[in-house]
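*Asks:* Produce the complete structure using the sequences and hints provided.
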Amino acid sequence: MAIPLVYNVRSVRQRWTSSVVAVLGIAGTVGVFVAMLAMARGFKATLVSSGSPRNAIVRRAGADSEMVSAVSLDQLHVIEGAPGVARNGSAPLVSGEVVVIAGFNLKSTGTVANAQVRGVSGKALEIRDNVRVIQGRFFKPGLAELVVGRNAVKSYAGFDLGSTVKFGGGTWTVVGIFDAGGSAFDSEIWCDANVLSQVYKRPQNVFQSVTARLESPAGFSAFKDALTSDPRLSVQVDRETEYYEKQSRGLTTMIRVLGFLVAFVMGIGAVFGALNTMYSAVAERAREIATIRALGFGRSSLIVSFVLEALFIALLGGIVGCVAVLPMNGFTTGTMNWQTFSHVAFAFKVTPGLLGLGIGFALLMGLVGGVPPAVRAVRRPIAVALREL
Amino acid sequence: MVRVDAKANGNSLVQVRDLDKKYQRGSEEIHVLQGLNLDVGAGEFVAFMGPSGSGKTTLLNLLGGLDLPTSGSIKVAGDEITHMSANKLTAWRARHVGFIFQMYNLIPVLTAFQNVELPLLLTRLSKAERRQHVETALAVVGLSDRMKHYPRQLSGGQEQRVAIARAIVADATFLLADEPTGDLDRKSAGEIMDLLERLVHEHAKTLLMVTHDPRAAERAHVVLHLDKGVLVEGGAGGGGEA
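So the sequence lines, in the order shown, correspond to chains A and B. Using the numbering used here, read the first sequence as starting at 1 and increasing by one per residue. Using the numbering used here, read the second sequence as starting at 1 and increasing by one per residue.
The set of hints was computed from the structure by calculation and includes no laboratory data. It should be emphasised that the depicted structure is a prediction, and the values quoted were computed from it without experimental measurement. Hints may be right or wrong, so weigh each one.
Residues from chain B that face chain A, not an exhaustive set, calculated with beta carbons under 7 Å [what the hints assert, rightly or not]:
| hint | residue |
| --- | --- |
| 1 | Asn61 |
| 2 | Phe99 |
| 3 | Ile107 |
| 4 | Leu118 |
Virtual Cβ for every residue (Gly too), placed ideally from N, Cα, C.
*Replies:* Next up, the structure:
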């Protein structure tokens with residue numbers, strides 16, 4: 001039969017100072033753990049949401065990212081004729097794109113950060129239906145005009161609507177601001193692909209990637225098979241969502257590993273805090289424990305009771321840690337995307353799953369910190385413990 | 001019927017034979033109890049007296065299954081307890097022994113009601129039945145109006161009465177009291193002894209008590225003296241016949 005839980009709850013309350021120390025230790029660890037994972041989750045979500053399951057991105061075979069890819073105009077025409085490509089009238093919804101990195105001053109620090117400037121075709125908005133112009137207008141093909149993602153406007157100085165910006169040897173006018181639904185495009189600056197190539201003195205008939213709108217997500221396999229089996233092409237084809245998921249992998253893995261590492265180190269400290277609290281609880285209550293055993297409660301009942309007490313403390317710590325980290329949800333920050341060497345703004349994503357993971361981590365710390373003292377509690381001979389003051 | 005000569009007729013509630021208990025303290029071996037025999041019949045009230053270190057509490061611990069002897073046997077209501085496994089002994093204690101400690105040993109974070117209810121959590125009684133038993137036990141010790149009080153809100157005498165209620169609530173086979181008045185003033189000690197006497201006489205409880213207090217001992221039917229690990233009959237107390 002179990003010892004009533006009220007015994008443990010009230011005991012925790014009675015020794016509130018040491019309980020609070022243990023609760024705060026666990027709360028801090030859980031807070032950092034969840035915050036790190038929320039950062040990784042947010043970064044990944046930002047990149048993955050950039051892609052659409054109806055879009056396919058075509059790059060040179062072996063190119064991990066657009067930065068190291070090249071697709072010629074001839075190849076672009078072959079792609080336009082591939083099966084499954086959506087059309088607006090007779091025009092295939094395909095965008096040959098050029099990507100360059102340019103340095104701009106950050107508003108926050110005044111230091112230079114890399115921004116990704118994407119040269120797209122005039123059909124880009126039809127291909128990417130998650131992007132919409134919210135101020136001004138889209139650029140006119142052939143003109144040195146920019147439309148800027150809303151996060152880029154917030155991050156970099158000098159990109160207000162109507163202002164002129166100099167980079168790559170050209171002078172550009174900001175004619176529009178777009179919203180890409182929190183995706184990585186929000187951190188980009190878009191312009192006409194041909195103008196961008198001219199300014200950067202790149203060959204006019206070479207793009208870095210081609211993005212194609214498909215008639216349906218199910219048409220991807222046929223589209224990919226057609227391109228990869230075409231002897232005129234040497235390309236790799238990915239669903240846009242998968243491409244961006246891969247792009248996020250490096251940094252999210254690093255953040256996650258770092259998060260687990262920091263949480264592990266902090267967790268050791270928190271476990272010692274829990275151990276200390278529970279060992280002192282056991283030491284202070286030696287005669288109580290002996291009395292309970294004398295009354296006929298078995299060792300297993302006492303072990304369960306003390307482990308539950310440790311878990312209760314850990315649960316409190318977990319809840320405090322999770323509540324403390326909740327306000328970070330949606331908090332926007334930025335980092336360098338190592339795949340593109342450009343700055344990407346993203347928001348922390350504190351999900352119910354992560355909170356659950358945080359609570360689970362807290363309970364694990366409670367378990368590790370609770371079992372040894374619980375075992376010690378029942379190993380002391382009753383007759384000896386009853387004589388303790 | 002209380003005997004210390006191993007010549008009882010076999011109907012004893014408690015039967016102890018050739019009980020030895022040795023402790024090792026460093027290189028020194030301490031022989032606490034030596035070849036001790038004891039028979040106690042049901043409904044008896046026995047007081048154990050003796051100087052400090054004579055083995056009184058050790059004997060009580062052995063009788064209560066809190067400790068194991070070096071050799072010898074202890075039978076309570078026909079159960080040989082010296083060879084029981086730890087788990088069986090735990091269950092046996094719950095069923096047969098009611099402990100009363102000098103320092104009361106109440107759980108400070110539980111109310112008087114909850115303290116008394118503890119032994120009943122080991123039974124199959126329903127919540128309502130448990131409540132009824134607890135209320136009855138607290139009524140017997142005269143603390144019906146203190147059920148919701150925590151130990152810190154009670155006097156020493158009241159705490160000991162709660163401890164007695166806890167000892168009797170599950171209708172244990174016998175009660176073991178270790179210096180039950182040792183931490184009380186004279187008046188409270190007298191009240192506790194009145195209560196214990198009442199339990200023996202009115203509720204037919206069997207009580208084995210260790211005490212230093214001659215006034216407490218004289219309430220017992222029989223007073224036994226422990227000296228150098230051996231039990232010696234000390235004659236009848238004032239509480240009844242030996």
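*Asks:* Please go over all the hints and tell whether each is borne out by the structure.
*Replies:* Against the structure, the hints come out as follows:
1. Asn61: Interface hint status for B/Asn61: holds (4 Å vs cutoff 7 Å).
2. Phe99: It holds, given that the least Cβ distance between B/Phe99 and chain A is near 5 Å, below 7 Å.
3. Ile107: 6 Å, holds
4. Leu118: Hint holds; B/Leu118 Cβ to chain A Cβ min 6 Å, cut 7 Å.
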